[in-house]
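Read off the chains here:
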Amino acid sequence: DAGVIQSPRHEVTEMGQEVTLRCKPISGHNSLFWYRQTMMRGLELLIYFNNNVPIDDSGMPEDRFSAKMPNASFSTLKIQPSEPRDSAVYFCASSFLGALQETQYFGPGTRLLVL
Amino acid sequence: AQSVTQPDIHITVSEGASLELRCNYSYGATPYLFWYVQSPGQGLQLLLKYFSGDTLVQGIKGFEAEFKRSQSSFNLRKPSVHWSDAAEYFCAVGSSSNDYKLSFGAGTTVTVRA
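Chains as they are written, first to last, in the working numbering: chain A, 5 to 119; chain B, 1131 to 1244.
A few of these clues could be false.
To be verified - Below, simulated BS3-like cross-link-like pairs (lysine-lysine); rule was C-alpha separation at most 30 angstroms, straight line: (1) A:Lys82 to A:Lys72; (2) A:Lys72 to B:Lys1231; (3) B:Lys1191 to A:Lys28.
Stated by the list, open to error - Here's a subset of chain A near chain B, in silico, CB distances under 10 angstroms, partners left out: (4) Asn54; (5) Ala103; (6) Leu104; (7) Gln105; (8) Gly111.
Claimed, not checked - Every beta carbon over 10 angstroms from chain A, so not counted as near; a handful from chain B, in silico: (9) Ala1159; (10) Leu1174; (11) Asp1184; (12) Asp1229; (13) Tyr1230.
Derived by calculation from the structure, the hints in this document are not laboratory data. Built from N, CA and C at the ideal position, the CB exists for glycine as well.
Using the sequences and the accompanying hints, generate a full structural model.
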């Protein structure tokens, strides 16, 4: 398997623009996680999907952030409008069943810079 | 709420020397504990995990960790480091009551000198 695939790997945009990050989980995994990594806050969970349904979005910073999972093989994280403080590395991870007994496999991340 | 502290921000170790990374957790019940490694430009990879049973856990790449309830610790060790072990290491804690959520420590960066 190719592992978790994220695109783009790097994104530079200007404040106010819309940003869309994409994730393809490992085939057969029914749980998907979006994380954000910053120097100030470390690694934090933004949203968790199970069977394509958002289960916990309490980590989503504000209404500018939205995430969707239209099918088992694709998810997006959208920021609209983007702000400089959104600059971070965004990771997608997937696991089988979602429970912690199952390993979460992380993608390589998308490094976002908002100017 | 569960939380994790990694007291060391940066550790430098010589190749072939032993390595120990510290992790302290805060959680009322028996925690689920994890160590992940992040190489530059890469995602996180699970090294090992502890849920119950034997408190000494073996992982990949020659790493092991020991759960010590009395000290609320889960320190990671490797007897002899290789240059390829240079990376950032994250300790994480989860719980059975919220069994998908991981709380990560701030990470420890390991530099390996020749």
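Violated constraints from the hint list, given by number and in increasing order: Of the numbered hints, 10, 12 and 13 do not hold.
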